[in-house]
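Trainee: Here's the letter readout for the chains.
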Amino acid sequence: MSEPPISRGFRSRRQEQTPKNRLPPGQYVTTDFPVLSAGPTPQITVENWTFTLQLGGAILGTWNWAEFETLPQTTIKTDIHCVTKWSKLDTAWQGVTFDDLLKAVGLSEPPAPYIMAHCDGGYTTNVPPADLVGGQGMIATRYEGLPILPMHGGPARLLVPHLYFWKSAKWVRRLRFMEKDERGFWESLGYHNYGDPWKEQRYDGD
Amino acid sequence: MTAIDSTASPARRLEWQQAEVREIVTETFRVKSLLLRVASWPGHFPGQHVDIRLTAEDGYQAQRSYSIASPPEDELLALTVERVENGEVSPYLVGELRIGDRFELRGPIGGYFVWTVPTGGPLCLIAGGSGMAPLMAMLRHRDRQKAHIPGSVLYSSRSLEDVIYRNELDAMAQCDSNLRVIYTLTRKQPEEWLGPRRRIDKALLAEVCYPPDKNPKIFVCGPTSLVEEVARMLVELGHEPQTIKTERFGPTGA
Numbered sequence: 001m002s003e004p005p006i007s008r009g010f011r012s013r014r015q016e017q018t019p020k021n022r023l024p025p026g027q028y029v030t031t032d033f034p035v036l037s038a039g040p041t042p043q044i045t046v047e048n049w050t051f052t053l054q055l056g057g058a059i060l061g062t063w064n065w066a067e068f069e070t071l072p073q074t075t076i077k078t079d080i081h082c083v084t085k086w087s088k089l090d091t092a093w094q095g096v097t098f099d100d101l102l103k104a105v106g107l108s109e110p111p112a113p114y115i116m117a118h119c120d121g122g123y124t125t126n127v128p129p130a131d132l133v134g135g136q137g138m139i140a141t142r143y144e145g146l147p148i149l150p151m152h153g154g155p156a157r158l159l160v161p162h163l164y165f166w167k168s169a170k171w172v173r174r175l176r177f178m179e180k181d182e183r184g185f186w187e188s189l190g191y192h193n194y195g196d197p198w199k200e201q202r203y204d205g206d
Numbered sequence: 207m208t209a210i211d212s213t214a215s216p217a218r219r220l221e222w223q224q225a226e227v228r229e230i231v232t233e234t235f236r237v238k239s240l241l242l243r244v245a246s247w248p249g250h251f252p253g254q255h256v257d258i259r260l261t262a263e264d265g266y267q268a269q270r271s272y273s274i275a276s277p278p279e280d281e282l283l284a285l286t287v288e289r290v291e292n293g294e295v296s297p298y299l300v301g302e303l304r305i306g307d308r309f310e311l312r313g314p315i316g317g318y319f320v321w322t323v324p325t326g327g328p329l330c331l332i333a334g335g336s337g338m339a340p341l342m343a344m345l346r347h348r349d350r351q352k353a354h355i356p357g358s359v360l361y362s363s364r365s366l367e368d369v370i371y372r373n374e375l376d377a378m379a380q381c382d383s384n385l386r387v388i389y390t391l392t393r394k395q396p397e398e399w400l401g402p403r404r405r406i407d408k409a410l411l412a413e414v415c416y417p418p419d420k421n422p423k424i425f426v427c428g429p430t431s432l433v434e435e436v437a438r439m440l441v442e443l444g445h446e447p448q449t450i451k452t453e454r455f456g457p458t459g460a
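As given, the protein sequences belong to chains A and B, one line each in that order.
Numbering-wise (our numbering), the first sequence opens with residue 1 and increments by one.
Numbering-wise (our numbering), the second sequence opens with residue 207 and increments by one.
If you are wondering where the hints come from, they were derived from the structure by calculation, not from laboratory data.
These numbers come from a predicted model, not from an experiment.
Hints may be right or wrong, so weigh each one.
[Said to hold, decoys possible] Where chain B lies over chain A, by a calculated footprint (3+ residues, C-beta under 8 Å):
| # | segment |
| --- | --- |
| 1 | 3-11 |
| 2 | 30-42 |
| 3 | 60-72 |
Beta carbons are placed, not taken as given, at the ideal position from N, Cα and C, and that holds for glycine.
Work the whole structure out from these sequences, hints included.
Mentor: Printed below as a string of structure tokens:
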């Protein structure tokens with residue numbers, strides 16, 4: 001479309017300039033931690049929690065909480081970007097990287113080109129494993145050194161910080177490898193299939 | 207949450223377009239509704255939202271999301287905006303925007319937190335503060351369709367002066383025995399106030415919301431803490447989590 005209309009009297013109220021290379025287009029920095037969830041927060045105790053890697057009908061590996069806690073722990077310090085426009089800088093997450101999960105089930109690389117993450121409450125999101133390998137993604141169990149609060153996805157959430165944060169699925173319980181891509185929950189409701197914040201891929205067709 | 211609504215938006219590019227302010231309604235001290243003309247608005251479902259983008263004189267741009275408060279039947283698109291202290295966009299929209307001004311908008315967005323008459327009822331709407339906006343789109347749609355689907359509304363505000371759309375809600379409830387609207391005022395009440403004066407609790411929910419065996423369609427929208435609490439209590443009252451659709455906004459303090 002043509003030049004956007006100017007809103008006279010409207011101006012930036014940003015206190016400090018965030019470096020341009022930290023803030024994707026259309027985002028603003030918040031120091032808060034907003035909660036966006038489509039339904040009630042599932043109340044899950046670690047005693048009832050398991051995590052599973054699945055390929056088709058086959059279970060590649062499954063862990064209860066105690067077993068999961070013995071896997072190698074990694075901390076990722078990163079910025080996160082929500083499709084609803086807020087970004088939060090320098091968040092620290094601890095958990096088990098996707099690489100270490102693959103290693104734990106004896107794989108050197110992903111056994112299929114697509115993944116669907118399945119969560120308590122029925123939420124799903126699709127993520128290419130190519131975006132999880134090489135230290136890019138993890139199953140996070142700590143935020144800023146503490147157990148992740150249920151409303152923020154605890155006990156465990158997927159973390160894929162270079163994609164919009166709906167891909168970092170809360171309450172994740174299972175990663176299912178797929179030969180063909182399928183759309184997850186928001187991806188089926190008009191949101192972008194991949195969700196790169198730097199390309200501002202918020203919605204279908206962006 | 208596994209069931210995907212058949213009302214989901216079809217895949218298409220959401221283009222930025224210009225919206226012109228045609229009318230501004232002062233709802234409360236801190237809340238205004240902006241009635242917008244959008245030239246090629248594709249239509250929407252009650253409950254959906256839009257992105258808006260403001261451009262300053264120096265080229266600086268800011269985007270925010272706002273719920274649509276108008277039903278698909280109305281000609282103008284209504285956004286209800288609450289002034290957020292120290293906010294960047296809402297003080298401008300509530301305080302400085304004038305009739306005839308234009309800004310960019312795209313939408314509609316979101317296909318889960320939606321209700322239309324064919325979805326049926328009973329309908330249970332629970333709101334805190336400006337969380338009433340998307341629920342108002344549902345009620346107005348129900349009204350314009352002259353649908354007599356049973357509905358109950360539980361609306362929590364700090365005071366009577368903070369209740370948005372009060373006259374319209376009262377008028378809707380007055381001429382429709384199938385619609386019940388309950389306000390709870392949590393901080394300040396008129397002396398003669400007969401309604402509840404407390405934060406939403408289980409007893410209020412049990413009284414206002416239809417029991418689980420009536421299979422109500424439940425929508426909860428408001429500040430994060432209210433929505434977290436209400437959704438948790440509804441599950442404890444026996445409602446299936448998948449029947450409770452939520453939208454949260456504002457700070458979490460965590």
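Trainee: Give a verdict on every hint.
Mentor: Hints and how they fare:
1. Counting residues of the segment 3-11 of chain A whose C-beta lies closer than 8 Å to any C-beta of chain B gives 8; at least three are required, and the coverage claim holds.
2. Note: the segment 30-42 of chain A has 11 residues with beta-carbon separation from chain B under 8 Å; the three-residue rule is met and the coverage holds.
3. Here the segment 60-72 of chain A counts 0 residues with a CB under 8 Å from a CB of chain B, which misses the bar of 3, and the coverage is violated.
Figure legend: structure checked against the earlier numbered hints; the only hint not met is number 3.
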